[in-house]
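Visitor: Each chain, letter by letter, is given below.
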Amino acid sequence: MNKLPETIEIALSVNGERVRRSVSARQSLADFLRLELELTGTHLGCEHGMCGACTVRVDGEIVRGCLMFAVQADGCTVDTIEGLSDSGEITELQSAFVLYNALQCGFCTPGMLIAAQALLRDEPNPSRERIREYLSGNYCRCTGYQSIVDAVEAVAKQRAARWK
Amino acid sequence: MKAPRFAYARPATVAEALAILAGHGDEARILAGGQSLVPMLNLRVAAPRVLIDINRIAGLSGVTVAKDHVRIGALTRHTELEHSLDIARHLPLLAQAMPHVAHAAIRNRGTFGGSCALADPAAELPACALALGATFVIAGPKGERRVPAEAFFRGLYATALGSEELLVAAEFPLPKPGRVSAFGELARRHGDYAMVGVAAHGSIALGKFADLRIVFFGVGDRPVRATKLEQALERQPAAAIERALESLELDPRADLQASAATKRHLAGVLAGRVLKQLANTSA
Chain G
137 MNKLPETIEI ALSVNGERVR RSVSARQSLA DFLRLELELT GTHLGCEHGM CGACTVRVDG
197 EIVRGCLMFA VQADGCTVDT IEGLSDSGEI TELQSAFVLY NALQCGFCTP GMLIAAQALL
257 RDEPNPSRER IREYLSGNYC RCTGYQSIVD AVEAVAKQRA ARWK
Chain Z
900 MKAPRFAYAR PATVAEALAI LAGHGDEARI LAGGQSLVPM LNLRVAAPRV LIDINRIAGL
960 SGVTVAKDHV RIGALTRHTE LEHSLDIARH LPLLAQAMPH VAHAAIRNRG TFGGSCALAD
1020 PAAELPACAL ALGATFVIAG PKGERRVPAE AFFRGLYATA LGSEELLVAA EFPLPKPGRV
1080 SAFGELARRH GDYAMVGVAA HGSIALGKFA DLRIVFFGVG DRPVRATKLE QALERQPAAA
1140 IERALESLEL DPRADLQASA ATKRHLAGVL AGRVLKQLAN TSA
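Protein chains in written order, with my numbering: chain G, 137 to 300; chain Z, 900 to 1182.
Hints are computed from structural coordinates only; laboratory data are not their basis.
Each statement offered as a hint is correct.
Ranges between beta-carbon positions, derived for each pair:
| # | chain 1 | residue 1 | chain 2 | residue 2 | range |
| --- | --- | --- | --- | --- | --- |
| 1 | G | 266 | Z | 942 | 25 to 35 Å |
| 2 | Z | 982 | G | 295 | 16 to 26 Å |
| 3 | Z | 1159 | G | 213 | 47 to 57 Å |
| 4 | G | 242 | Z | 1127 | 52 to 62 Å |
| 5 | G | 172 | Z | 957 | 21 to 31 Å |
| 6 | G | 235 | Z | 1110 | 51 to 61 Å |
All C-beta atoms, glycine included, are put in the ideal place defined by N, C-alpha and C.
Excised from the complex, chain Z in its bound form (with noise of 0.2 Å):
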């Protein structure tokens, strides 16, 4: 249970990792948190040659509020996403969907970049990242591009980022006025990944819904959102939640810790909490 023999870099910049990603492709991995990483490299299920210590380069962490959109670097911790006020205040779905995330000490270290270039399928925040409509910010050998988060998330623990490229940030629009988020999960303890989790974004317009986000995890091999859900509740009320349930289409796979007909059973339980709880939430 010990991590096998590896070069370790410490780069000081963005260039600098890049130099050394493209020196080494496949056979280098991007060190951040190193929450899910050192787990894989302990289980020798990942066993790179090179591990790119991203750790000490300044400028990739922390959250910042521009005119339109809000930007987490790629190497805030949870923990930082927990308590900012920036984003209690324009994101709140983060901020509800932290406490789900492990607990205390993983997500002082575990970072925000670091769970979305894994893209776990039962990872709470590429779903909150697709519910929130986020771009992503990638640097790579040509400069720098943008990837929305429904491009990023191309299967399981698959994304659009290449051997050669880093995930330097996020971007998140800021929600139009009267927005509303809630979220939930259902995992087997708490801080264990989800059985299925449910975040969802809208607005609550003289009691009906509208314009919404339904982004189910742990349900497939990526984020999937529920666009005929999303459908029937256009311009319904909290009571047509249980009927509009009934147009919720997901086709999950069986795993460890629950057959597909269980999960598909408690993804309609769950997102009809949630919507409950969304109709209920003030702007």
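Just chain G, with the same shape it has in the complex (with noise of 0.2 Å):
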């Protein structure tokens, strides 16, 4: 049998560029953003998928950066809070988060940004209970989340009340 290769070429849309690499099979999608395109947005906490702060958007879902392998992600779209950002995709939810002071540090952000458009996407008008719950993937250490409920919220009932 043929040798299998450690290192793969990989090509793959970020942020709506093309980007072409060569990658070790052993280095994370998160770590592969970070190091090799300085998309440090995506931050790494527990580096073992409990904590939520690598979440970033491949092929449209939220997924844990950590837990993917970037050869993994050949071929596919990804999205990064760097991304969502620039898009303008976030603004409102942005917005919110500094009027709420959802954050402190700021560690748990990108993470909690990129979860929380990903719910209302899919359900506009959550319970504060659903968003505590689909929330519960990502970990604040500073805020306690009453905030960052309160945030995101906020922005469900801005959205919902310009389509009326």
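The task is to assemble the complex, starting from two chains supplied on their own in separate frames and drawing on the hints.
Guide: Dropping the structure here:
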């Protein structure tokens, strides 16, 4: 049997830009984004899928960037906090996070924003309980979550009012 | 907290995956959703020389309804089960269990087959597979074979899968008309592994239980079917639940979450709730 590679060439789209790199098979998608592409808004907290700080979107769905290898994103479309921020997709959420003081150290914030945006996309009018449940996969060690839930709830209401 | 070095293979077919497995045996691990395997790699609990990424194998994913069963491909993501209309209609127990499986971002990657092949004793899907009488479809060097859930789960993280075999699907018999199900789980935080959980399936005829299958998880080295409790409830009304629970025999081991006595107590409380819920479910 041919020897299997430890380094693989991949091509993917990151925040709308075509990227081609040679990656080590063991490199996580989150490390690839941070170290190879210098997209350091994706944070690495626990590196075993518990904390949610590394949340990114792959082909439109949120995933843990630490639990996927970069090589597995070959051919995929990846969106990071930088892309969502630049495109204006999460402007309302970002403003609400500031208004409600929904961050202190900010380490969890990129993951929180991407997760919150995923929730509001699929369920435009979630209850507070539902917001809490959905964000329970993202740890914040500063705020006690109250203000984060406030901010997400406020954006849901803003959007609902606009659609009326 | 980074994965150790490994060589990477991305087969396009089951046959190709089996050939690589045959070439590397115990040194290779199958990479499906990776939501348990990658943490194990990062924590250096596992250090396989070769990872065989099955994510690009066509035909391993999806839910299909046949004449007498529902087939769930091994690579079917949890989120697909959560939102599948076929699952909601034919196997509602799986839909009921899904919100308890970790979190949305994990469910977007984690797979049905990965969860069953790992056989974590506190996982939801193995218990559901046992409660619903599923049969696992396994591909190997000598072709396909089928193993019922009772014989598939062999112990702590142990299954009937051989080192040169790949789990490709599970077939769930289409429940007879009138069958209902209920699911419950106690965890310290939402999305954590269960301290104890119960999956129940059966029918309610004229207000009485029949053909119950009650499976506990998080209280043994594998999903545990409570046959004495099932028998004690046969042809009994919901009013008999408390009394029947006295026949519940579980032998949980203490873990980081709770002592054995606590788990036994919680199992009884939870089973009471789930069975009442079952009794109040109309088909």
